[in-house]
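Line by line, the protein sequences are chains A and B.
The opening residue of the first sequence carries number 1 in UniProt numbering; numbering runs sequentially from there.
The opening residue of the second sequence carries number 1 in UniProt numbering; numbering runs sequentially from there.
Simulated from the structure, these hints should not be mistaken for laboratory data.
Careful, some of the hints might be misleading.
The list treats identical chains as one, so a pair stands whether inside a single copy or across any two.
What the hints assert, rightly or not - Derived pair list, reagent style BS3-like, types lysine-lysine, alpha-carbon separation capped at 30 angstroms:
1) Lys57 with Lys77
2) Lys27 with Lys187
3) Lys165 with Lys208
4) Lys415 with Lys354
There are 2 protein chains.
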Amino acid sequence: MENNKDVLESGFLELLENKNLRKLREKLIELNEADIAEFIDTLDSEKSLIAFRLLPKGLATDVFACLDNDKQEHIVKSMTDSELSFIIEDLYVDDAVDMLEELPSDLVNKVLANATPNTRKLINEMLKYPDNSAGSIMTVEYIGLKKSMTVGEAFDYVRKNSFDKENVYTGYVMDEKRILEGVVTVKELLMNPTDAMLDDIMSTNIIKAVTTDNRETIVELFNKYDLLSLPVVDLENRLVGIVTVDDAVSIMEEEVTEDFEKMAAMTPSEKPYLKTNVFVLAKNRITWLLVLMFSSMITGGILSRYEAQIAVLPLLVTFIPMLTDTGGNAGSQSSTMIIRGMAIGEIDLGDALKIIWKEFRVSIVVGSILAVVNFIKVLMQYPGKYNVGITVGLSMFCTVMMANIVGGLLPMLAKKLNIDPTIMASPLISTLVDAMSLMIFFGLAVEILHI
Amino acid sequence: MENNKDVLESGFLELLENKNLRKLREKLIELNEADIAEFIDTLDSEKSLIAFRLLPKGLATDVFACLDNDKQEHIVKSMTDSELSFIIEDLYVDDAVDMLEELPSDLVNKVLANATPNTRKLINEMLKYPDNSAGSIMTVEYIGLKKSMTVGEAFDYVRKNSFDKENVYTGYVMDEKRILEGVVTVKELLMNPTDAMLDDIMSTNIIKAVTTDNRETIVELFNKYDLLSLPVVDLENRLVGIVTVDDAVSIMEEEVTEDFEKMAAMTPSEKPYLKTNVFVLAKNRITWLLVLMFSSMITGGILSRYEAQIAVLPLLVTFIPMLTDTGGNAGSQSSTMIIRGMAIGEIDLGDALKIIWKEFRVSIVVGSILAVVNFIKVLMQYPGKYNVGITVGLSMFCTVMMANIVGGLLPMLAKKLNIDPTIMASPLISTLVDAMSLMIFFGLAVEILHI
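Generate the whole structure from the sequences, applying the supplied hints.
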């Protein structure tokens, strides 16, 4: 499929370059808006404007919402006031807000100046909600109904008002103060006679979010209840907007990307990798690299305490990378499972004892195997040196045990202290485990090898 | 919200223990099926059966679909044939298939024996599709329409048939051979007069999957096109089922968990952490630990080549943890960004040169800062030892450069060779970078310090 599309797009480019614009327009409008946007995103600034202007007005808005932020910026810059005015009125308010949050302030003013007072008011209200709160994610276009309506009246209302609503399949029933009283789906409307009252068929057990809820909460609600849309109410339980499932999916993806970045010791970036400036990338990475570098200097300090032992038996040094690496890997295995388990709600703080017990048993199995393999390997390399084999094997066993338990518990400790558990991912765990595994190794070496 | 619910559930448990079952039933049926299932999942086997049997038949099926696999198994074991027969007919076929895939084979036979021939046939067909293919994920219950129908007729059909369809908001228009010809949403039906022909209003630019497509493809299509449901066709373009957005969201979450596990050098597990047996956990972890342990023995081998230098200047050893750790961290920072970028389709193989150029520049910024910090730190610790400072600083710079470029390129190389790029995550990158950073460090030490 990928390939098929690439061929299509190269054909489009040819039409554009040959100025065969009528043909290009015919071909473009057959496509889905996401595909058209993908095509325009690949064009240079001049060509992208030509292609964008080919689109019929309504479709142009849908395509505009799918474009990259920098293409949107470029197009807004080049548009006349009347073109801009059409687009801004035609966009769903949440998409308009998303765009405005990325635009430089002079362009924000240009856009707002071309919006009707009503749209401007809606946009301004949404811009006030804190970043990543339900209020900032929601759209304000939804189907609002009254419980005194019949099914037939509700259908008439949906029919008349649905052309500019993002989700038309769930109606929200409110009283005259906009207090949310019930929810009725189009499926339920279809299953009931036209003269049934909404009051009798609506569901009053409403899954909802408050404007101040964070996006993690929203993602959890969508995951748990398989929703198509989620109503958002203010602190007085008045309906102010809805979050649609497609926005919830995008948020889910952003959340996961952030978790991956944090778990690799980076400050999460706002833009995709290829669009992020070199200095921003460097800034996102350097803090943690410095913190971890200073931590691993402590490990170096531990090594310097054993310089005498190393001088006596330099071959000890050759086991260090294997011990510290394996400890780091074991620790990141257990910490990753716990961090992810907590992120998707499978593990909570009450499970700490279960986790220690589980990691303890896993460590016995895994640690024993690794210890035996090491013992054999040492004896093959240095025949007769049983004590060295025992030292290395035993260090391995203790390191794995310590790493698994530290890796399992630290993310929970972080959560308990209200610190983001992703901070306890591989890089930090590895650094901590490094120091401890060296102490185990040299401690045992001093005891067993009498050096 | 969490707390509120916990309180509720503890109240439920009290009602159950006091055998106040009528009251419990009243309270339970007010809840969402996902919440009821969550409550039953916390109960022991006897209590969970009592609670489950309290539920009205239709609700019981919905709750059953949300239960943990082991609770489902327990309930299936204890059900009479007629109870089982009701549940299996009432379940959406894809949910029934999900359950069957986890049940031991004697219970699978018990379930299939209680299904009607038609349901049994549907289930058996779906069980034949390979794991994680579109065919195995789809549901076979969808709204099938004909293009000769009018909007009014389509509504009548939806009204009559929607009670047992998972997604009733998209109708699929097929010819008499079930070839998929078009798609029409309930929104479009609502926006058109009742005598309009589907042929005239349906959209023929259909986003669809083939039964053999893998689940990554499905997730990509949902992400890109903001779908509520995705039609699945066979190789002859005949419609065989649909994937609904809630299933797509679950798949997305499973995919991400798998990626996290693979990136922490584990074989992905089938069940949640707390439900996975100790030996399965150990088995999932040991393979990669062994592979990486043997790789880091190579690093140890490199160290043993420099035993002479270490004997002359033992303090060199104390810089090793810091250099290898920082190299590993830098490498996992860049590899994580590239792996994630490829997973969500932001980066593809054609971007390799851009990535090298970007990582090269990021390395200059980050590497310089770390090098200078190290130079100063060495001079503070060992005043006058400029050459050692230069050796450590320069090694740090070269290590960061090498680590970022290796971390950026290896995931792309893996993809090019059709290997899963997640394999190139922190653990393997760290091990590779370890060996290279030691060669850089001792190579530079020999040159600069003349040892």
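Hint by hint, where does the structure go against what was stated? Just the numbers, ascending. Every hint satisfied by this model.
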